[in-house]
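Asker: Below are the chains, spelled out letter by letter.
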Amino acid sequence: MSRVSDYAYINARLRARIGIMRSSDIIENMIKAPTLVEAVAKLDGTRHQHIADVYRSTGDLEAAELSLIEEQVASYREIVPFLPPESSFFMTVLLEKLEMENLKTAIRLWYSASIMHHSISDRAKYVCRTLIVHPIDYDRIMNASAFGEVETAVAGTPYKDILSAFTFESLSKSGLFPLEIALDHMWFSHLMEAIRKLPAADRHLAENIYNVDIDLKNILILVRYGYYYHLEGSMLSEVIIPAGYIGTEAARRGVLRSDDPITSLKDIVHRRYPAITEEIDNIRRTADDFTTMEENARQIMLIENYLAAWRLKAYQRLLLGKPFSIGVVLSYFFLERQEDSMIQAVLSAKSYSWSEGKIREALGL
Amino acid sequence: MSMFTQKMKMLTAVVMENDRDSVVRALLRKGVMEFVHIDALPADKMSRLSSHSSSVPRAALTDARVRIETLMREAGISLPDIESVDIDQLPPLDMEGYRRFLDRLSGSLQTIRAEQKELNEKLLSYSEIQRYAAEGKNEYLDLRTGTITHGSAKDLLSRLQLIDGIYLFDSEPYISLTFRRDSQRVSDLMDKFGWAESPDPETQKNALPEALGKAKDLSREIQQKLAELSEDAKSKILESRDKLIPMWTNVRVHELCEHVESCFSYTKNTTLFSGWVPAEYADDISRIIYEVTKGVSIVEWTDADSLPRDEVPVAMKSPKILRPFQRMVDNYNTPEYGSINPTPFTAVAYMLMFMLMFADVGQGLVLLLVGLIGSSVYRKHPEMKDGLLSRYLCTLLIYLGPASMVGGLLFGSLFGLQIPALWFPFDAVVEGEPVPGLINSVYDILAITIFFGIGVIYLGLFLNWINLFRKKRYIELVFDKNGIVGGVLYAAGIWFAYGFVRSGYRVFPSAPWFMPLVAFCLVLILVKEPLEFIIRKHRGQDAGTISHLILSTVMEFLVEVLEIFSGLLSNTLSFMRVAGLGIAHASLMMAFYQLAALPGNAIAFVIIALLGNVLVIVLEGMSAGIQSLRLNYYEFFTKYFTGHGIAFEPVGLRSRIVSD
Numbered sequence: 001m002s003r004v005s006d007y008a009y010i011n012a013r014l015r016a017r018i019g020i021m022r023s024s025d026i027i028e029n030m031i032k033a034p035t036l037v038e039a040v041a042k043l044d045g046t047r048h049q050h051i052a053d054v055y056r057s058t059g060d061l062e063a064a065e066l067s068l069i070e071e072q073v074a075s076y077r078e079i080v081p082f083l084p085p086e087s088s089f090f091m092t093v094l095l096e097k098l099e100m101e102n103l104k105t106a107i108r109l110w111y112s113a114s115i116m117h118h119s120i121s122d123r124a125k126y127v128c129r130t131l132i133v134h135p136i137d138y139d140r141i142m143n144a145s146a147f148g149e150v151e152t153a154v155a156g157t158p159y160k161d162i163l164s165a166f167t168f169e170s171l172s173k174s175g176l177f178p179l180e181i182a183l184d185h186m187w188f189s190h191l192m193e194a195i196r197k198l199p200a201a202d203r204h205l206a207e208n209i210y211n212v213d214i215d216l217k218n219i220l221i222l223v224r225y226g227y228y229y230h231l232e233g234s235m236l237s238e239v240i241i242p243a244g245y246i247g248t249e250a251a252r253r254g255v256l257r258s259d260d261p262i263t264s265l266k267d268i269v270h271r272r273y274p275a276i277t278e279e280i281d282n283i284r285r286t287a288d289d290f291t292t293m294e295e296n297a298r299q300i301m302l303i304e305n306y307l308a309a310w311r312l313k314a315y316q317r318l319l320l321g322k323p324f325s326i327g328v329v330l331s332y333f334f335l336e337r338q339e340d341s342m343i344q345a346v347l348s349a350k351s352y353s354w355s356e357g358k359i360r361e362a363l364g365l
Numbered sequence: 001m002s003m004f005t006q007k008m009k010m011l012t013a014v015v016m017e018n019d020r021d022s023v024v025r026a027l028l029r030k031g032v033m034e035f036v037h038i039d040a041l042p043a044d045k046m047s048r049l050s051s052h053s054s055s056v057p058r059a060a061l062t063d064a065r066v067r068i069e070t071l072m073r074e075a076g077i078s079l080p081d082i083e084s085v086d087i088d089q090l091p092p093l094d095m096e097g098y099r100r101f102l103d104r105l106s107g108s109l110q111t112i113r114a115e116q117k118e119l120n121e122k123l124l125s126y127s128e129i130q131r132y133a134a135e136g137k138n139e140y141l142d143l144r145t146g147t148i149t150h151g152s153a154k155d156l157l158s159r160l161q162l163i164d165g166i167y168l169f170d171s172e173p174y175i176s177l178t179f180r181r182d183s184q185r186v187s188d189l190m191d192k193f194g195w196a197e198s199p200d201p202e203t204q205k206n207a208l209p210e211a212l213g214k215a216k217d218l219s220r221e222i223q224q225k226l227a228e229l230s231e232d233a234k235s236k237i238l239e240s241r242d243k244l245i246p247m248w249t250n251v252r253v254h255e256l257c258e259h260v261e262s263c264f265s266y267t268k269n270t271t272l273f274s275g276w277v278p279a280e281y282a283d284d285i286s287r288i289i290y291e292v293t294k295g296v297s298i299v300e301w302t303d304a305d306s307l308p309r310d311e312v313p314v315a316m317k318s319p320k321i322l323r324p325f326q327r328m329v330d331n332y333n334t335p336e337y338g339s340i341n342p343t344p345f346t347a348v349a350y351m352l353m354f355m356l357m358f359a360d361v362g363q364g365l366v367l368l369l370v371g372l373i374g375s376s377v378y379r380k381h382p383e384m385k386d387g388l389l390s391r392y393l394c395t396l397l398i399y400l401g402p403a404s405m406v407g408g409l410l411f412g413s414l415f416g417l418q419i420p421a422l423w424f425p426f427d428a429v430v431e432g433e434p435v436p437g438l439i440n441s442v443y444d445i446l447a448i449t450i451f452f453g454i455g456v457i458y459l460g461l462f463l464n465w466i467n468l469f470r471k472k473r474y475i476e477l478v479f480d481k482n483g484i485v486g487g488v489l490y491a492a493g494i495w496f497a498y499g500f501v502r503s504g505y506r507v508f509p510s511a512p513w514f515m516p517l518v519a520f521c522l523v524l525i526l527v528k529e530p531l532e533f534i535i536r537k538h539r540g541q542d543a544g545t546i547s548h549l550i551l552s553t554v555m556e557f558l559v560e561v562l563e564i565f566s567g568l569l570s571n572t573l574s575f576m577r578v579a580g581l582g583i584a585h586a587s588l589m590m591a592f593y594q595l596a597a598l599p600g601n602a603i604a605f606v607i608i609a610l611l612g613n614v615l616v617i618v619l620e621g622m623s624a625g626i627q628s629l630r631l632n633y634y635e636f637f638t639k640y641f642t643g644h645g646i647a648f649e650p651v652g653l654r655s656r657i658v659s660d
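Listed in order, the protein sequences are those of chains A and B. Going letter by letter, the first sequence gives residues 1 to 365 in my numbering. Going letter by letter, the second sequence gives residues 1 to 660 in my numbering.
Take these hints with a grain of salt, some might be off.
To be verified - With a straight-line cut-off of 25 Å between C-alpha atoms, the simulated BS3-like cross-links for lysine-lysine are:
#  : chain 1 : residue 1 : chain 2 : residue 2
1  : B       : K236      : A       : K125
2  : B       : K234      : A       : K32
3  : A       : K197      : A       : K322
4  : B       : K216      : A       : K125
5  : B       : K385      : A       : K32
6  : A       : K32       : B       : K236
7  : B       : K214      : A       : K32
8  : B       : K234      : A       : K104
9  : B       : K137      : A       : K125
10 : A       : K197      : A       : K217
11 : B       : K137      : A       : K160
12 : A       : K125      : B       : K225
13 : B       : K117      : A       : K32
14 : B       : K243      : A       : K125
15 : A       : K125      : B       : K122
Simulated from the structure, these hints should not be mistaken for laboratory data. Small disclaimer: the values here were computed from a predicted structure and weren't measured.
Working from the sequences, and respecting the hints, build out all of it.
Answerer: This is the structure in structure tokens:
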């Protein structure tokens, strides 16, 4: 089949939805609504109607948010069958990300209950149990008393091998950070593999987008863990994702094995993203006093905002590019995720009675 | 109904400052004026005027209105008919009081939601317990049956209830069913009260079903309470209905007044305003202003003809019956001021096209019934959101159904079955059966639609000539591709093509007048640009250089000739789709009846025939509707509809949304 016949239907369908999404005033109307009840009412008649319905019938914002995740999964599932096989495999990997985040939530709850001895029943209710990509027994994870049971819960999935590398003792000692990083690495390697399988034109588009995504992740790892939390050089080399411009360049130069990997990584970042040089330099390598912590958090937020704006531009360019490609699909899911997270953020802010100004500031609007 | 766009007049009025509010309200009640920002006046006059300053910003009024509407919608309260309200008797605007009231109402809803959340959390726990039991995941549950050796059972229960679970503490032995993940917390509490597990195996065995039964009862109870609370939230708003409606009316009227007054300018004691009004209402407006101001006002009217055509807003007056077709025209664009109102022509052309493509008495009746039922449902439930079958579509079906039925009678088709035809049996012709009369093959059907297309195109050209004549654009009227010369060339082309077809596609017709006529028309097209150049020169306007004239003459000539020959030809052939869809409709129905006959079973026949009819009604109906619209937009409108107009948007109490 030609690329036109591959993408003609989905291109038309998604562009129509993108048009509706972009012309919609949902977020603005929700921010303006003086109370949570009124903010939720703004979802009436939109594609998020069911969130309003769930909230009206239960009053439970977390239950409403859970339905948002289920909606995201349904949205991926709806599109995947209309794509050519290589692209649908790629989209399934993207859906895997959603699953991985859900799995992380479940493991965090298990960790909280088994290692930290906290009650998790209040939060366990709101973990998505729907089949996303792989059959995971979330009930088992959250009710596991031993780490072995958590491993059994993911048996037959790609997560099994990752979890097998950890033990109850190692997690008790080091926390969940290494496990979560390992999961991230696994997902990025799946992503790279899926991108490699795409046809040349789609591969080029996906690489452009996800290389930036990986760079963003690496920059945040560098500033958060390298600077902020004093992660040692050797540990940093395990954390940095070996892909994207930064990861590839770091591997090529062998900086992760050098004496001062942080300075070398900083140099690589400066070359590629000079606009955030100042913010990265402003991060101080101490987190002891409150003022420094606050200032560091502010700098990180500036970096995140810059990178978010970069990403938004990249997706917008995709929309203006070739119509019969994976580009429109990627843009659609990006815009959908962006709208969903905005809605989640506004609803949470409204539940804490934040003012309109404070919400706008937090959302960078 | 007016054949042309409505004649407009521009009002400029000066009233005393004291009369301003009364004049605004009177004009809002009439609702026929589109206000114009007075800053369009020359700068020297503007400098002596001040702009409007309001006590309550319009944005605040809009926010308050939207807020009231949100709460009203939450309880399904429809917006009131503001026209039935005496707007002169409205109470003073108490924005602070309104805000407090709305905050209170919203707060009480929030309280209900908080209660719901608490209940829902319990419901989720009970559901999780029941699910584990149903899925045989009893290992995630912690069931205990026993008694306490010290302390009070009531105290233990009150503490246990902070942990999710089912507790049966009415009689001994007590039962506790919790999650295993909470077992440490449960044990800690129970130990404090000296919990002793019951040794009786029978008690242990019955405890789980008993606890699950309780979980089921509690879940049912909570679900009921949640539904009640949901209704309570609605009732809370409904109780405030008598306050919300006047509040909304007051805010809305003030919002409209603010919008209108934002267009005004002021001197120390007077207010100056301006706006467009359809000429037929000019006397009414003058009378209203004089009455309200008791004659202390100056009213001046400017005729739209004395202003540039593209600055005048366009209002079209079509009978109510043609409203669905008016919307088709509006969707396309706004016609130029003073040109022909396309609505009645669109209505006739659209229904004729649909009739030819979807001719069936039975299926037309179904469309009519769907339209009538849908419209009636929407009328009964005004708050209902538009579904796939929207309000507009339902209304349109009420017209298309009868059109299809007339077609069915003309061509003898009832649910795809042949009935006596008033004109010729369409289905029989498509099937290739011998049919008496002039129409006896699909080629004849194609010819009918070609002639129909020629008729539509000529009607479009004729309407364009009228428009150009009214606009006094005589050069275009004569020399343009859609002008008289285009029409003559089109006629010559039709004669030529007709002769060729009549000869059995063997010989091109010849006549002594043909070539000279075509050549003469081409010369006319060629001289159009130079003629315009001379006229512009004569009038002292910028006509450009000679080299520019030569280039534009050649280019213009080539493009025009190409458009006349290929454009009109493709426009005409495009109408063959009318025949194509009609033939497809007949063929599909034939195919379904043949399929239905295959099993040789009456029930199967009825089911397949029914499904076939449904499929054809939905797919073919939709297809015929879209193609009719396409033919109107691209083949008909392009001949006479320039779409250069600005829509007239009067502001009145009924105005839906007012935005700057």
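Asker: For a quick check of understanding: which of the numbered hints are violated here, in increasing order?
Answerer: 1, 7, 8 and 14
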